[in-house]
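Model the placement of chain H on the given structure of chain F, informed by the hints.
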Amino acid sequence: MDVFVDLGQGILALLTVQNVLLLAAGVMIGMVVGVIPGLGPSAGLAILLPLTFGLDPTGAIIMLAAVYYGAMYGGTITSVLINTPGESATVASTFDGYPLARQGRAGPALVIAAVASFVAGTVGAVLISIAAPVTAAVASSFGPPELFLVVIAGLLTLIVVVGRNWLLGALSALIGFALATVGVDIGGGAQRYTFGSTELINGIDFIPVAIGLFGIGEILHTLWRGGHLERLGYFAVGAGSRGFWPTRQDVRESRGPILRGSLLGFAVGTAPGAGATVASLMSYTLEKSVSRTPERFGKGAMAGLAGPEAANNAASAGAMVPLLTLGIPGSASTAVLIGGFLMWGLQPGPLLMEQNPEFAWGLIASMYLGNVMLLLVNVFCIPVFASIARVPFRMLAPVIILLCVAGTYSVNGSIVEVAIMLACGVLGFFMRRYGMSPAAMVIALVLGPLAEETLRQTMIISGGDFTIFVHRPTSLVLLVVIAVLVLLPTVLPRIRRAVTARIATLGGRRSPTEHEHVGGGTPGGSG
Amino acid sequence: MTAVHPAPVAETRRWQVGARAVFFGILLVVFAVYFQIALGMEWRTAAGRIGPGFFPRLIGAVGIVLTLVALVRSVRRVEAETETGPSTGTGTDGPDLGRHPRTMAIVVAASAALAAAFTVLGALVAGALFLLGCLWLLNREHPVLNAVLGVGLAVGLYLLFQTLLNAGLPAGVLPF
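Heads up: the sequence lines are chains F and H, in that order. Under full-length UniProt numbering, think of the first position of the first sequence as 1, with each following residue one higher. Under full-length UniProt numbering, think of the first position of the second sequence as 1, with each following residue one higher.
These aren't lab readings, by the way, just hints derived from the structure by calculation. Every residue gets a Cβ at the ideal spot worked out from N, C-alpha and C, and that includes glycine. Take these hints with a grain of salt, some might be off.
To be verified - Covered by chain F, per the in silico footprint, the following chain H stretches (three or more residues, Cβ under 8 Å): (1) 33 to 47; (2) 55 to 64; (3) 115 to 123; (4) 126 to 137; (5) 144 to 154.
To be verified - Some chain F residues near chain H, calculated using beta-carbon distances under 8 Å: (6) G54; (7) F177; (8) R192; (9) L223; (10) H228; (11) I401.
Chain F with its partners taken away, still in its complex shape (with noise of 0.2 Å):
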């Protein structure tokens, strides 16, 4: 039980005005982040990254968490009210979330999911509490053989099982691992690929680059495919109805849901690659296939909402664990987190729970408070934050742009890195119009480094010997996992054929004219 007394301690720890202030401001910041199309919580964070510079770690962690509750939840709300998700993780909210919208339930369907995802929060909180632990004790035996090998197998899991084309995530992957070799040689000293540019010796900073991937990229490919001139259909939403509340049986038939997919959700979440998208779609197939009227999934059934909105709540929760114990990021949102604990001097990885106990529970704590603090704002301010949804993107747009600007040059006061930002806006824009993958750069961005000393590491401890890999067991495991990765792409397809040729089956015995919307595949990126 200690670890719950660690969490409650954690809990405590946090509750003083200027954190509960910090959490306020984070859950609205988020919110209205997350509520403009196009942006999601990756974005977010890293927008908001440099907002958090003049807090103290905890305080900034707490905020972060906080943005990235919020952030999550703002994707809900545009997924529910005009049919544009923030991002992948809640494109599953959409099928029928906008269809509540459409007949007038825009207000249960999104207390419901604020619902869900403060419940998904809860069970999320409570789980990582246990996994992190004993998940950290198990990594702590783990020696740089078995670390790289789990850092090639997070890689690998976000191309073959999130990507849609293993090629072109690979190719992403290895477009951070080339700019994560930029700067000193940590091994020997030398200097690569600075051109002698004093700038560059230290590296290339990760912030512009998730700034410029997530938010100038997304801010381009908007503008580009005419968002700019999107008239929104637009479903009002008031707190003073009295349709506004969820009836006694949205309440019934969302509690399996929840409950099913917040569970789903964290075992999904807390495989390094794995994110919420998966998990919010596997949700809703999984809540579509066990419900007893899947005629009513597509249109406007609450369970095929709550489902998935618990799922990619709670999968963010369990992509804590590989975050906090093994030092890798499970998603692209996790991605910008690593980063700014890395910007404070906190090395995630097995040690940290044990070195820094305080900041890990009071992580772990921010979580739940974050959620908890969402659940009040949302019941009370859904209205507020459904109305920024109407700004225009047009008018949205360059006031992103120059806080992506100016953020990026209050880091290290740096134009060289505004300009690296701005490049890699461009880069990331030709990266989602061809189907690569940001979050697989920014992940091997963020892990190069760590892949880099591990395997120096290992050769050093094998005198250059290869066969270490086999020679333990751990990592010969990891291997077989690695092995079973790259066989996926070549299986996977006939496996996808399979089901869907079953699901067609089984949808035109129940209804002929049922939508099928999972079976399109499986949208790249991750929450």
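Frame of chain F; chain H shown alone:
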């Protein structure tokens, strides 16, 4: 703000394959240069340890191979996505409103100009000019609102970073 609307299928396919191939061609050149530079670094140190060139050579070599495959694929076959629109990777796009490369390019150029003028003119002046220019481009129907927003938001963001966050943005031509 000219929109490039979806053209007849055959023409669209030819244009998209071309642009895609050019992108992967540029990426190939970048990886080739990266690999070439990596060849000038040590693979192993004199002590037999991994040298600074070990990782870059691996990354460069694999990058060249994968980019070549992507390039050949983009030249040889038309992806199914050209018929339904380009892949975005997230499935979060809204309705089809045509393609607007010119608008996007102007905003990129304006952003580059903002970066160039940021330290010279200062964050406030450069930011206000950038906002005014972009809002004039994207939101022409409301010039008065644009002017108010352009100046007001630039001042607001400057105060947020400078006063509230103590971030030290460049003053430029202004005395404060």
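Okay, the hints, checked on the actual structure:
With 6 residues having a beta carbon nearer than 8 Å to a beta carbon of chain F, the stretch 33 to 47 of chain H meets the requirement of three or more and the stated coverage holds. Against chain F, the stretch 55 to 64 of chain H contributes 6 residues with a C-beta closer than 8 Å to a partner C-beta. That satisfies the three-residue criterion, and the hint holds. With 4 residues carrying a beta carbon less than 8 Å from a beta carbon of chain F, the stretch 115 to 123 of chain H meets the three-residue requirement, and the given coverage holds. Note: the stretch 126 to 137 of chain H has 5 residues with beta-carbon separation from chain F under 8 Å; the three-residue rule is met and the coverage holds.
With 3 residues having a beta carbon nearer than 8 Å to a beta carbon of chain F, the stretch 144 to 154 of chain H meets the requirement of three or more and the stated coverage holds. The criterion of a C-beta within 8 Å of any C-beta in chain H is met by G54 (chain F), whose closest approach is roughly 5 Å, and the hint holds. Satisfaction of the interface hint for F177 (chain F) is found here, the shortest Cβ-Cβ separation to chain H being roughly 5 Å, below the 8 Å cut-off. The interface hint given for R192 (chain F) is met, as the beta carbon of that residue sits about 6 Å from the closest beta carbon of chain H, less than 8 Å.
Look at L223 (chain F): its Cβ gets to within about 5 Å of chain H, closer than 8 Å, so that hint holds up. The restraint placing H228 (chain F) at the interface with chain H holds, with a minimum CB-CB distance near 5 Å, inside the 8 Å limit. For the restraint placing I401 (chain F) at the interface with chain H, the shortest Cβ-Cβ distance is roughly 6 Å, inside the 8 Å limit, so the hint holds.
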